[in-house]
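Using the hints, put the two chains back together into the complex; each one sits in its own frame.
For the protein sequence lines, the chains are A and B, in the order given.
Residue numbering for the first sequence follows this note's numbering, beginning at 40 and increasing consecutively.
Residue numbering for the second sequence follows this note's numbering, beginning at -4 and increasing consecutively.
Possibly wrong hints are sitting among the right ones.
[Claimed, not checked] Calculated pairs, EDC-like style, for lysine to aspartate or glutamate (alpha carbon to alpha carbon, straight line, at most 20 Å):
| id | chain 1 | residue 1 | chain 2 | residue 2 |
| --- | --- | --- | --- | --- |
| 1 | B | Lys9 | A | Asp562 |
| 2 | B | Lys42 | B | Asp147 |
| 3 | B | Lys60 | B | Glu103 |
| 4 | A | Lys549 | A | Glu212 |
| 5 | A | Lys549 | A | Glu208 |
| 6 | B | Lys60 | B | Asp118 |
| 7 | B | Lys42 | A | Glu328 |
| 8 | A | Lys363 | A | Asp562 |
| 9 | B | Lys9 | A | Glu212 |
| 10 | B | Lys46 | B | Asp88 |
| 11 | A | Lys63 | A | Glu42 |
| 12 | B | Lys46 | A | Glu328 |
| 13 | B | Lys9 | A | Glu558 |
| 14 | B | Lys60 | B | Asp75 |
| 15 | B | Lys60 | B | Asp88 |
[What the hints assert, rightly or not] Computed far set for chain B versus chain A, every beta-carbon distance over 12 Å:
| id | residue |
| --- | --- |
| 16 | Ser58 |
| 17 | Val59 |
| 18 | Val61 |
| 19 | Val65 |
| 20 | Thr69 |
| 21 | Arg71 |
| 22 | Pro84 |
| 23 | Ala85 |
| 24 | Glu103 |
| 25 | Thr109 |
| 26 | Asp175 |
What the hints contain is simulated information worked out from the structure, not anything from laboratory work.
Every value quoted in this text rests on a predicted model; they were computed, and no experiment measured them.
Ideal Cβ positions, reconstructed from N, Cα and C, are used throughout, including at glycine.
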Amino acid sequence: MREQFRTCPRTGLIFHRPAENLIKANAVAAVVFLLVGGFLGLLVVLTRWQAVHLLGPDTFYQALTGHGVITLLVWIIFFEIALLYFCASTLLRSRLATPRLGWLAFGLMMIGAAMTAIAILQGGSSVMMTSYVPMPAAPQFYLGLIIFAVGALIGCFIFLGTLVIARAERTYEGSIPLVTFGALTACIIAIFTIASGAVILVPTFLWSVGYISQIDPLMYRVIWWAMGHSSQQINVAAHISVWYAIAAIVFGARPMSERVSRMAFLLYIFFLQLASAHHILVDPGVGTEWKLFNTSYAMYLAVLASMIHGLTVPGAIEVSQREKGLNNGLFEWLRKAPWGNPVFSGMFISLVGFGFLGGITGVIMGTEQLNLIIHNTMYVPGHFHPTVAVGTTLAFMAISYYLVPALFQRELVLPTLAKWQPYLFGIGTSLMGLFQMGAGTLGVSRRHWDMAFAGSPFSFEYGGTAHMMMGLAGFFGVISSIGAAAFIIIMVGTILFGKRVSEKSEYTTKRPARLPRAEPAPDHSNIGVAGFVAPGTFILALVFLATFVVYFFLNFGYLSSVWPMS
Amino acid sequence: MSAILPPSERIWWKQPIDRAEGTWVAIALVWCLIMFFMMPYWHVYGKQNYKGEAYRTTPAAFSVKVEEMVQNHTVRHVTDRNIPVVRPPAGSDVYLLARLWDWYPALELRKGETYRLHMSSMDWQHGFSLQPLNINMQILPGYETVITITPDSSGEFTIVCNEYCGILHHQMLGKIYVVD
Ligand code: HEM
Ligand SMILES: [Cu+2]
Ligand SMILES: [Cu+2]
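The following block holds chain B by itself, in its conformation from the complex (with noise of 0.2 Å):
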């Protein structure tokens, strides 16, 4: 019985390892430190990474910023709510606002072309979750979030507000169209 009791010798640390658990501990030790260097490793040879690129910004002045690109790029509005469709340069600042309970404005992105996406909210937390492909960033007041992206495969892809977000968080859904 003796996890319950104290322990036998009076100086436990002293224990010899049994065999099964020193292997063990080693095999465990490496893989740990495997995982590990995974991690910078793919910083370095990996294509999807998100290096933490973000400034502080307000509400005010990010839409200033979405509000100008939607002026200059919008090609088309879709939906019966006449939401524009925005075609930025290739290569470009494209701006992406999350508020309750949409994203503004609906995107079309060039195949193969990368674009710096700046993302920020308005309001309460939201969660950017690109849709089939499972993309997810956290979205923050405050913050403007940069990635740089390279979309890869065309069609049209969904964002989905994953950060519970009020009543109608399941209605906040935005669009990426990717043109070859």
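Pulled out of the complex, with its shape left as it was, chain A reads as follows (with noise of 0.2 Å):
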């Protein structure tokens, strides 16, 4: 037998070679494909910055698409996939269920996101990344997206195998961990996910060489929404998985309960992946019943699951802080918890955000009525920010922090840049997002070249403040660009030019100890206010809630200020 696992000897993580370096692989794509996203992301709102104005139309939608494809899909999903292997083979000690496979997986998804990239380079598929029907893309713009969603099951295929080999020989005692848990919850929404998108992107290819005369444009919407939303609940599985890893490595924080935890996992399993009609709620010929049941995921159940994750996140990290001595008053455990190390920082920037930002106006704008007043606004985008670039994408950043080094075994370059980057990038985006939602909810387009529409027959002009609006998000646009470009610098510096760690670390042909169980919590009478081990975290739950109320009913408010209509 070959020398397969070693011994990270900072972490204690052990890993499987062919794992590692599928790991390593799919890391490193991701990163790279980041940076390729994040500098167009950069061109859009610099163009969107009205003073600014950097792009032409064709360059800028063109670059709108490649933004959204390609930090949407394939960064995130090719961290996912490396995620995936992680918490199958390494948080098991499992070997990993055919590796080989794990790169032809790899190759496809490769392959297939250089095809949609370079569709999209040569112009004539500038679409957006939603490519509506009948507006047509050139057919090797979907076919790219097939192939690589073909890889990514694959992936999804081999994280399930991992499980039944990590099962069958045993390499852990009694359940698996509560971050494979949530990992699972992600690879079985992906699943359905990729289902849904083979349904419709497949007739569409058809459709772009000519085999299919007529694609309905509303069964597109969806179809393609039922792909298009249960992709971001495979992003919310996936973060929260690490914001709870997170808490665990830097904290040593064990679940409050696990019973809680995991049955929030199942809520995503069971309503989550429902989700579409949040996107169609004012398109035409949609009836009232479904758009109501599925938009609040059968009457917010989801939501609920998210709200239960965010009190019990941070509620782990302050029972264990508080464990640790930091006991005084509400909130000493969060004053001094390590705001320096980019691992934790990171998570709490993404948790904060992702919650107060992305959550809350995810469940607004997907409020039946409320849906007329934001819809294809700059809302949009000033909501998905705060949960695909600050809840997920930083929750992928800050465990980077943390795996990098230990997966190429090198020192981290540039700490004190890296001390500051999840705040460079977490606070430029989530300012960048709420000042988008400020100018959607004065009307500001989505999707839209120019907001003086230069050229049209007619004029419109939007006051003074939509335009302070945009260019405020313009400002913090740069901001959270430099922050992701202090990330890859980081990470790309770190893997070519870290210093080498000085322990040892050989693989070796013996298999790893089994996985032991977690030592049971110890007696929490002592700690926290009041009989709650965690009031400092409730404390904030409630602020939390108070924000939502208040804001869900302002915007009944403005809603009802509207022409009435039905």
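Listed below in structure tokens is the structure:
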């Protein structure tokens, strides 16, 4: 038998060599694509900043299509595949199932991503990532996405196969850890997502080469969003798993209760992937009952799950800090948290930004009637940058600070820049999102080259405030881009030039010891306030709820001020 | 480190729930239900709803109806492109067509009157975004969206296209004039 496993001297993680190589390859591909996608984001935001108005209309729509596809699909999914392998093989100390197929998956994803990217670059496919029919893109635009998805699907099955192996070979005691459970949630949703994607993209590809004469635009939207939105739920499940992992890694935190956290993931599996209707609330020909049930993920049960994770992740950190003696008052545990450690600061900004900005606004937009005053405005990018860029992307950045040195056995370069990077990217992107929302509330459209409407027979002027909002979004977009660039510089620098870690870490043929259960929780009667073990988190959660309630009804106030309609 | 380790209790689903967690789950559940019931509530008591009324149509059939309305009710023309302004009778069916890259025709409505506004696209998808009110609807080819509106403010309103529809998407404006 060949030498297979090594133990990382710093982190104690046990890497199976083929899994390690695949994790490295997927993570590096992800970072390279983030570079491209982030750069396009900078061009886009500098064009929407009306005073700068950088690109012409053709290059703007081309860059926007590229930005959406490359960040949202390519960067995130490559990273997620790396995470899936990590959560199954590394966390469970198991060998990875079928590494050869892992390389096939990687190859297909690279080919697919490149094919779509080239189609966009050639100019005939500036159709936005949603590629709404009947606006046509080049056939290879769709084909690339399909090939990419096939690769990702293989990755999902390798993850499942690895879970089966780990169980059969008894590499761990008891049940799989919570983080792996979360990854399993992401994987199940991913399989559903890719199936929906196939149902819509395969016919669209055939249509683009002329085998199908017509695709119904409404049907396209319903099915496309069954893919498009569920893929966001993969992201949510994945980045929440990362939050739990970071809480465990940095603080040694244990979930407040396994039962609640796992139930919340189960709610995701049952209800989250349901949702696609919130993208078609103001579309013709969709029934009201279906809209209500679907847009609310069955009465908001999946939102409930997110609100649960939003409490239990910081709650777990609080309990662990209090156990260590930071038990004074409500917030000593938070004040004395390691704010200079990018693994923690990135995760915490991700959590707050995702909850307060991304989460609340997502539910607002998905409320059937409120969508009338939001659909397709800048409010939409204002919502999803806090979710996918602050929530998912920043969480992935945070865990990279932990994983990349362990994988490549090198010291992190530029530690001071690393300390600031999560703040630059997290706060820059959050504020960009906030001002985009402001502009959207004032009616500015998304995906729109010119808010001054040059060349139109009619004229219309947005107020000065709307222009100011877009300018501020532009400014903070630049900050956010600097933050993204800093991340890429640190990661590439570490991989290429980082100092080799001094401790030796050899591959051995010995199977790793079985992964033990966690220690049982100690008695908590001596920590916390008034019978609450995590009172600070509870107060923060109540602040969150109050913000949510006020903002929800405020929006109904706006709605009631527009023309009556039915 | 237990989130990355197997749970300590063999039967994790019987673990007792902490007080903070239990209370929060209960509060959050109540709020979720309130948000959910706000939607049917607004359908009954709110004034701004789109009930999803829509019909299948074709570009040809729809443009016939638009032309008929333009022939019968045009009151003037505006802009250097001579875009007709149509003043349909109060309470009537009004047709608005979206195409690359304009909204046709311009409309003149009376404040406080109710109209049934029919919209459809001749080609690709478009977005009806009425500014500065900020009312937004998706317009699809092959589907005729019908929405009953009662303008309760007067003045000049602009229809911005807010679904990306190609290179001159930014020039796609239309007008609704509301007179007292
Ligand atoms: C690097 C900093 C970033 C900047 C400055 C930026 C800026 C922007 C801007 C200005 C828009 C266009 C709004 C419009 O006109 O409709 C946009 C769209 C978008 N962004 Fe970003 N963004 C950044 C990072 C990200 C990241 C990390 C992600 C995802 C992981 C992301 C996902 C998207 C998506 C999906 C769209 C929508 C594209 C479409 O409408 O088809 N962005 N971004
Ligand atoms: Cu349009
Ligand atoms: Cu348009």
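Okay, the hints, checked on the actual structure:
For the proposed pair B:Lys9 and A:Asp562, the alpha carbon gap of about 17 Å is at most 20 Å, so the pair holds. About 12 Å separates the Cα atoms of B:Lys42 and B:Asp147, which keeps this hinted pair within 20 Å; it holds. Simply put, B:Lys60 and B:Glu103 have alpha-carbon atoms about 17 Å apart, close enough for the 20 Å limit, and the pair holds. A threshold of 20 Å between alpha carbons decides the hint, and for A:Lys549 with A:Glu212 the separation of about 18 Å falls inside it, so the pair holds.
With a C-alpha separation of about 14 Å, the suggested pairing of A:Lys549 with A:Glu208 holds against the 20 Å cut-off. For the hint pairing B:Lys60 with B:Asp118, the CA-to-CA distance comes to about 17 Å; that is within 20 Å, so the pair holds. Between the alpha carbons of B:Lys42 and A:Glu328 the distance comes to roughly 18 Å, so the proposed pair stays at or under 20 Å and holds. The hinted pair formed by A:Lys363 and A:Asp562 meets the criterion: a straight-line CA distance of about 13 Å does not exceed 20 Å.
Restraint check: the Cα-Cα separation between B:Lys9 and A:Glu212 comes to about 18 Å, which is no more than 20 Å; the hinted pair holds. For the hint pairing B:Lys46 with B:Asp88, the CA-to-CA distance comes to about 17 Å; that is within 20 Å, so the pair holds. In summary, the hint linking A:Lys63 to A:Glu42 is supported, as the alpha carbons are separated by about 18 Å, within the 20 Å threshold. Between the alpha carbons of B:Lys46 and A:Glu328 the distance comes to roughly 10 Å, so the proposed pair stays at or under 20 Å and holds.
At most 20 Å may separate the alpha-carbon atoms for a hinted pair to count; B:Lys9 and A:Glu558 meet this at roughly 17 Å. Restraint check for B:Lys60 and B:Asp75: not satisfied, since their Cα atoms lie roughly 25 Å apart, outside the 20 Å limit. Distance restraint check for B:Lys60 and B:Asp88: the Cα-Cα separation of roughly 10 Å lies within the 20 Å cut-off, and the hinted pair is therefore satisfied. Remark: the non-interface label on B:Ser58 is consistent with the geometry, its nearest Cβ contact in chain A lying 17 Å away (cut-off 12 Å).
At roughly 19 Å, the least C-beta separation between B:Val59 and chain A is larger than 12 Å, which holds for a residue marked as non-interface. Listed as outside the interface, B:Val61 is consistent with that label: its C-beta sits roughly 17 Å from the nearest C-beta of chain A, beyond the 12 Å cut-off. With a closest Cβ-Cβ approach of about 16 Å to chain A, B:Val65 is found to remain outside the 12 Å limit, as its non-interface label requires. Distance check on B:Thr69: its Cβ is at least 16 Å (rounded) from any Cβ of chain A, clearing the 12 Å threshold; non-interface status holds.
At the 12 Å boundary, the C-beta of B:Arg71 stays outside the reach of chain A, the nearest C-beta of that chain being 14 Å off. Every C-beta of chain A lies more than 12 Å from that of B:Pro84, the closest at about 19 Å, which supports listing it as non-interface. No beta-carbon of chain A comes within 12 Å of the beta-carbon of B:Ala85; the shortest separation is about 15 Å. With 12 Å as the threshold on Cβ separation, the claim that B:Glu103 sits away from chain A holds: the shortest Cβ distance comes to roughly 14 Å.
With a minimum CB-CB distance of about 8 Å to chain A, B:Thr109 fails to clear the 12 Å threshold, and the non-interface call is violated. The Cβ of B:Asp175 sits about 15 Å from the closest Cβ of chain A, beyond the 12 Å cut-off, so the non-interface label holds.
The earlier numbered hints that this structure contradicts are 14 and 25.
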